Amino acid sequence: MNNENTRKIIMDNYLNPYNRLMPKGEGYVKANTRNESCIDNIDLYVKFDGDKLADITFMGDACAISISSTSIMIKNLIGKTKNEALEYILEFEKMIDGKEFNKELLKDACVYEEISKQGSRKVCASLPLKGIKKAILEFLE
Amino acid sequence: MNREDFPLLGDDIIYFDNSATSLKPKCVIDKIRDYYTNYPANAHRGDYDLSYKVDQEYEETRSLVKEFINAQELEEIIFTSGTTEALNMVVNGFFAPLLEANDEVLITTSEHASNVLPWFRLVKTNNIKVNYIPLDSNYYLTIDNLKKVITPNTKVISIAGITNVIGDIRPVKEICKIAHEHNIFVVLDGAQMVPHMKVDVEDLDVDFLVFSAHKMCGPTGVGVLYGKKELLEHLEPMILGGGMNESFDNPHEVYLKELPARLEAGTRNIAGVIGFGEAIRYLKEIGMDNIHKYELDLRKYLIDKLMPLKHIDIINIESDSGIVTFNVTDVFSQDVAYYLNKYNICVRAGNHCAKILKSSVGVNNTVRISLYFYNTYEEIDNLVELLSDYDKILKEMI
Ligand SMILES: Cc1ncc(COP(=O)(O)O)c(C=O)c1O
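So the sequence lines, in the order shown, correspond to chains A and B. Position 56 of the first sequence, counting from 1, maps to 57 under the numbering used here, and the rest follow consecutively. Position 159 of the second sequence, counting from 1, maps to 208 under the numbering used here, and the rest follow consecutively.
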């Protein structure tokens with residue numbers, strides 16, 4: 002990663018990730034998400050309040066890209082409605098696939114734009130989003 | 050040794066993931082191309098010259114394998130798609146009909162998934178028990194520990210000759226001796242052993258041995274199931290079809306062929322088997338004892354260089370194969386692999402498919418270097434130089 006600022010955001014979120022803790026209180030649903038290379042292992046805990054993602058925490062071991070991406074995602078998604086969250090995830094997927102995407106919506110998650118050029122790390126960056134998407138879609142049903 | 054035989058090594062790449070699969074020498078690639086170009090007929094079918102040549106080459110590999118592992122009979126060599134398929138054949142075709150409720154199978158926590166999951170299924174279907182031979186503080190399988198867990202119900206010991214995470218060589222001959230004194234069958238997963246040292250089935254007295262061609266300079270999609278003939282005769286074919294039957298008129302009159310054809314239904318990976326034959330010729334030429342000795346020297350050199358590095362935690366300092374697993378302090382294994390990849394060094398990160406090992410080693414993930422005869426001291430120097438600089442790792446790991 003060449004850009005110093007990008008690097009810093011990723012490392013900060015890796016070394017001091019947001020909400021890496023077991024959820025306190027009731028009402029959380031758990032979504033496990035596994036990397037295809039079967040190394041990264043992150044459990045997401047999501048609390049829905051009506052239509053909103055009221056709180057998200059996570060636990061687990063993973064590489065710097067997965068952990069930082071989880072941290073940034075959690076910060077950006079808390080408080081969003083389910084549809085807003087799905088929209089965010091869609092934009093993230095577009096970015097990772099190297100397509101046009103909405104930078105304003107993704108905020109600091111844009112640091113992974115460069116990742117779209119590195120096959121093996123795409124999976125790592127996308128990992129938490131796959132997990133949360135699964136949780137949202139299951140909950141919506 | 051022999052680097053010039055490997056087209057890829059001309060490029061600026063350092064390949065340290067030989068436990069996953071090995072590189073292929075030019076002679077093997079050429080042999081496969083020759084088949085597809087010059088005699089791409091099916092085996093055991095045609096009455097014309099091209100097909101005859103296919104049969105000859107295919108069966109020649111069988112006799113090369115027989116000689117390579119010192120089997121007694123050609124019929125004891127069955128070609129499979131790899132170690133995994135061979136293990137599944139042994140478990141489902143031989144042991145599933147044989148084992149009854151409360152029979153015990155002994156494995157260890159460092160076995161590959163392919164030597165665990167087929168047995169786990171028998172726990173459900175046959176009500177057998179899978180028990181673990183405890184590993185010692187080096188994660189080794191010791192004879193003492195084996196003796197402690199054998200019971201009158203123990204029917205099978207199924208273990209890797211060399212494990213793919215720790216790289217320890219198991220005392221197979223002694224294990225077989227003890228097992229047979231107790232009427233226990235031994236299944237040897239040779240995936241990491243046969244490519245790296247001489248394996249003699251007669252001397253070891255194993256009942257079944259399985260291994261993969263792709264880890265020993267051969268093509269993917271080919272493996273071997275060796276079994277003592279009197280046992281293989283009782284192995285039920287799981288796959289039925291062409292090439293394995295003698296005649297069939299109705300469901301009640303199906304006659305199967307003799308071994309080995311009975312266990313090789315359908316059109317086989319002919320090109321792969323023929324290429325595998327060339328790989329065996331190639332390894333024989335270098336000499337398995339030379340390969341083993343050279344890998345041990347390389348390993349010692351690597352360990353001696355890694356030991357002084359305070360931020361490197363080596364999991365298997367002692368081990369007599371070319372496998373070295375370690376972690377870098379506070380860096381996730383995959384990030385280490387990613388860092389090395391920036392410098393064209395291929396290493397493996399993860400749990401190496403031995404998922405239950407984490408319960409004994411206490412770490413989930415490791416970086417694994419696995420050596421083969423074409424690796425060099427200079428390559429190790431390059432690797433160690435990159436691993437020596439902790440700050441550089443931290444800076445460049447993303
Ligand atoms: C000890 C061991 N057993 C079994 C296997 C499975 O081999 P294959 O994938 O060729 O079937 C491997 C391969 O990684 C292995 O290392």
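Check the hints yourself; a few may be wrong.
As the list claims (entries may be wrong) - Distance windows between CB atoms, simulated:
#, chain 1, residue 1, chain 2, residue 2, range
1, A, Asp-44, B, Phe-297, 27 to 37 Å
2, B, Asp-440, A, Lys-100, 47 to 57 Å
3, B, Asp-83, A, Glu-114, 15 to 25 Å
Unchecked claim - Non-contacting residues of chain B with respect to chain A, defined by C-beta distances greater than 12 Å in every case (computed):
#, residue
4, Thr-269
5, Asp-298
6, Pro-309
7, Glu-367
8, Val-380
9, Ser-382
10, Asp-384
11, Val-385
12, Leu-443
13, Lys-444
14, Met-446
15, Ile-447
By construction, these hints were calculated from the structure, which means they are not laboratory data. For clarity, every value in this text was computed on a predicted model and none was experimentally measured. The beta-carbon is built from N, C-alpha and C at its ideal position, and this holds for glycine as well.
Comparing the hints with the structure gives:
Checking the proposed 27 to 37 Å range against Asp-44(A) and Phe-297(B) shows it is violated: the Cβ atoms sit about 53 Å from each other. Remark: the range hint 47 to 57 Å for Asp-440(B) to Lys-100(A) is contradicted by a beta-carbon distance near 36 Å. The hinted range of 15 to 25 Å is not satisfied by Asp-83(B) and Glu-114(A), whose Cβ atoms lie roughly 47 Å apart. Its beta-carbon lying about 18 Å from the closest one in chain A, Thr-269(B) satisfies the requirement of being farther than 12 Å from that chain.
Listed as outside the interface, Asp-298(B) is consistent with that label: its C-beta sits roughly 48 Å from the nearest C-beta of chain A, beyond the 12 Å cut-off. With a cut of 12 Å on Cβ distances, Pro-309(B) stays outside the contact zone with chain A, its closest approach being about 34 Å. Every CB of chain A lies more than 12 Å from the CB of Glu-367(B), the least distance being 26 Å, so the non-interface label holds. Its beta-carbon lying about 8 Å from the closest one in chain A, Val-380(B) breaks the requirement of being farther than 12 Å from that chain.
Residue-level check failed: Ser-382(B) sits 7 Å from the nearest beta carbon of chain A, not beyond 12 Å. Consistency note on Asp-384(B): stated as away from chain A, yet its beta-carbon is not over 12 Å from all of that chain's, at 5 Å minimum. A beta-carbon of chain A comes within 12 Å of the beta-carbon of Val-385(B); the shortest separation is about 9 Å. For Leu-443(B), the non-interface assignment is contradicted: its Cβ lies about 8 Å from the closest Cβ of chain A, within the 12 Å cut-off.
Distance check on Lys-444(B): its Cβ comes as close as 8 Å (rounded) to a Cβ of chain A, failing to clear the 12 Å threshold; non-interface status is violated. Not every C-beta of chain A lies more than 12 Å from that of Met-446(B), the closest at about 6 Å, which undercuts listing it as non-interface. Residue-level check failed: Ile-447(B) sits 5 Å from the nearest beta carbon of chain A, not beyond 12 Å.
Hint compliance for this structure: hints 1, 2, 3, 8, 9, 10, 11, 12, 13, 14 and 15 are not met, and every other hint is.
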